[in-house]
Every structure is written in structure tokens, then in C-alpha cells.
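2 protein chains.
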Amino acid sequence: MEIGLSVLAENKVGVLHKLTGVIAKLGGNILYTQQFITSENYGFIYMEVEDIDIEQLKKELDKCNYIKEYEIHNTLKKIFGKRIIIIGGGAQVAEVAKGAISEADRHNIRGERISVDTLPIVGEENIAEAVEAVLKLPRVGILVLAGSLMGGKITEAVRKVKSKGIPIISLKMFGSVPKEADLVVGDPIQAGVLAAMAIAKTAKFDINKVRGKVL
Amino acid sequence: MEIGLSVLAENKVGVLHKLTGVIAKLGGNILYTQQFITSENYGFIYMEVEDIDIEQLKKELDKCNYIKEYEIHNTLKKIFGKRIIIIGGGAQVAEVAKGAISEADRHNIRGERISVDTLPIVGEENIAEAVEAVLKLPRVGILVLAGSLMGGKITEAVRKVKSKGIPIISLKMFGSVPKEADLVVGDPIQAGVLAAMAIAKTAKFDINKVRGKVL
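Residue numbers (the numbering used here), protein chains in the order written: chain G, 1139 to 1353; chain V, 1139 to 1353.
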């Protein structure tokens, strides 16, 4: 069984080390961690842990004086689900998002959990850096490149993301990015809809069956 | 100075504990952590660390046999920036996103980094859970509730998020959520635009000066 654990702890060197020590001692496997500073004095730690005894965990956490409060609950994975990431120019990102959000809505009503996350941004360096950083984000299901001209370093970043198994949809555009994409789509709304269909278990669309196609 | 550190490590109990131990030993303060399992055998760990000597860190990491590869780079905060979170019904979420993405684009061109992240979802329980979980997400700048009827548990969750200092914009709608919002806006495009303006340093809009207003 998987649990979600939220902890508000002191913002001090070594706190995450101590907390992960408690979990390792109880034999828990940490599947996901997120930690960030919330104020000068406190940091927030969220974890998804499997194979841990909840009562034992509570007993141990109650003993930790560096913990201000904690909560055991549903995992974020169940709440925010898989993510569609859309990167590119504002006008086109907005249209792809519209298609993706509308289609995600239809699947989420049937029990899916698909989030649609976007970054409107300009410039080869910036876009390449953002594309590559997608590999550092959790729960990414698919990446859509929405622009009119993308190549060079962006294409290199696209190759890197693709090699890690994340499918990529590109709008029809100038530059070398469309050549690397799994699927190229002209209509931004449709690109968004297909992105949601590609990662929804409730849809029948399989991107592997149309790989390399241009719509 | 703040660094970004990405590590591909073995998927074993205790790995995060060991890695945080290395960083604590060198006196580094971990500002942000994200860790997730990438395959059966490997986990990916991303950290933002301040006050650490990069050369010493490299020397220590080279000695860790549980690390497959690592990289030191720019932080995700600099790449994806502050987040606008939009939660609600698909049709309205898409319109708010359109406004937010267009406006974020204009600020991002001037050096800002604003991401627009959405979750189209239905049902009081589901929305309330998602709203409350916003507190567990990193880099959240503002939350927009986009729907036609929201109250009950959603309002309780909104109060909780607001109490932690995250500003909230609500569309004009039925239910008690608008009463709790910092700002209520009728036009979804404008709600999105204002959300981006509220968190952009490059904009002059201060949500504190219009708190409680209805547009």
C-alpha cells in the first residue's frame, strides 16, 4: 500500500536526512519526495512511501522534535495524475491547452486524472532548457511543442526527452523539431486533444500506431 | 549561491537518506527536493542546495556507488518559475488558461518565468481535495477557481489555502467560494490575465489593493 505523508519541519541542515532515516529504519521505500522551504523557519516535506506500517510511522514521527506537524493522506499522484506539458509561444500554447483541457475534462469525468501544465516562453536557449528540464518533473505523460520555428538546441533537447520514453507531439512548424516528434499536428486544438487521448487510459488512441505521421 | 543537482540513483531503501547525509556533512542547506522512481531499478533525485562547495560535492558524489550519474546545473525555479494553478470545469478552465498564458507570455518575454498549470475536474470532493493539495505543490503563486457552482468542502479548502498566504481569484459563480476569494472576476480571460499580473514582478497590479472587489 502507498501512503502520502506531509510534514512541516524546521528549516535546518540535516532535517531531510533525519526524516528519511526514520523511514529507512522502518523499511519504507520512498517512491516520491518533494520538499521546499515555506518560510524562514519551516520547510514542507511531502512523500509517497510504500511498505511502511502506519502506526509504527506515527509512533516514530511523534518522537521527532524537528517536526512541527504531520499528516498521512492520499497521494498527489491520485490527485493531480499524469501531466501534459505544453511549451512554446503564448498564442499557440493557449490553443493547444484549450484542446488538451477540454479533452482531459472528458476523461477526468470518467475517473482519469490528467493535468495540463504550460510554459509560454521565447528563445532557443530558454525553450531548450525548459524542454530538457521536463525530465526533472514528476508525473510527465507527454510533451507538446507549440511554436512556429524550433530547431538547433531545442531539437537536441527534444531528442534527449524522447530517448527517455516521453512521447512528443509537435505542431507543424519551421525548423527541425517536427522531424524528431512522434507525431506532427497542424491544428493546435487537435494537438491538445490528441495529447490527452494519448495518455488517457479511458481513450483508445495509441501514439505508437501513428508514430511519424503528420496530421 | 544556489545550485541544481540531478542524480540518477539505485531504487533502494535508504538511498535518499545516504545522499542527504552527504549534503548535510558538507553543510549544504537543501532548499528544494524532488525524487521519483523512473524505472524498476532507478530513481531520479533533483535538489536545489545552497551554501555548498561544488568541487567538494563532486568529490563526494564520485565516491557513492549507489549513484549511476549526476549533473550540476541551473535550478528549476529559474526554468519554470512561479505557477498559476487553475482548477475547475473544462470549458472555464480553458478560457482562464488562455488569458493567463497570453499574459504570462508577455511577462516571460521581459524576463519573468510564469507557468500556467491546470486541472479540469468535477465534483465537490474531488475539487476540494485538489484545492487543498495545492499547498503541497512547489512554486505556487496564485490559485484560480474556474467553475459555475462551488461551495461546501471546496470553500473550506479555499479558506485553508488562503490562510497560508496563497492569493485566490474566483470566477463569478454560485456557491460560497466567491465570498472567500481575494478577487472575483466575471470574464474568465480577464481572470487569467489578472492572475498573471498579480504574480509578475514586471506588472504593476497589486491584488492587495483590490482585495474583496468584484469585477
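Derived from the structure by calculation, the hints contain no laboratory data.
Incorrect hints may have been included.
When chains are identical, the list treats them as one kind, so a pair holds in a single copy or across two.
Said to hold, decoys possible - Derived EDC-like pairs (lysine to aspartate or glutamate); straight-line CA-CA distance at most 20 Å:
hint, residue 1, residue 2
1, LYS1291, GLU1318
2, LYS1220, GLU1270
3, LYS1197, ASP1344
4, LYS1150, ASP1325
5, LYS1291, ASP1320
6, LYS1156, GLU1188
7, LYS1291, GLU1209
Now for the hints, and whether the structure bears them out:
Taking the shortest alpha-carbon separations for LYS1291 and GLU1318, only the intra-copy value of 12 Å comes in at or below 20 Å, while the best inter-copy value is 46 Å. For the identical chains of this complex, LYS1220 and GLU1270 are neighbours both inside a copy (18 Å) and across copies (18 Å), given an alpha-carbon limit of 20 Å. In the homo-oligomer, the alpha carbons of LYS1197 and ASP1344 never lie at most 20 Å apart, since the shortest distance is 47 Å inside one protomer and 45 Å across protomers. For the identical chains of this complex, LYS1150 and ASP1325 are neighbours neither inside a copy (50 Å) nor across copies (44 Å), given an alpha-carbon limit of 20 Å.
When the C-alpha separation of LYS1291 and ASP1320 is checked against a cutoff of 20 Å, the pair qualifies only within one copy, where the shortest distance is 18 Å, while the shortest distance between copies is 42 Å. Taking CA atoms no more than 20 Å apart as the test, LYS1156 paired with GLU1188 passes in both settings, with 18 Å inside one copy and 19 Å between copies. For the homomeric pair LYS1291 and GLU1209, the shortest alpha-carbon distance between copies (18 Å) is at most 20 Å, but the shortest distance inside one copy (43 Å) is not.
In terms of the numbered hints stated before, the structure departs from hints 3 and 4, listed from lowest to highest.
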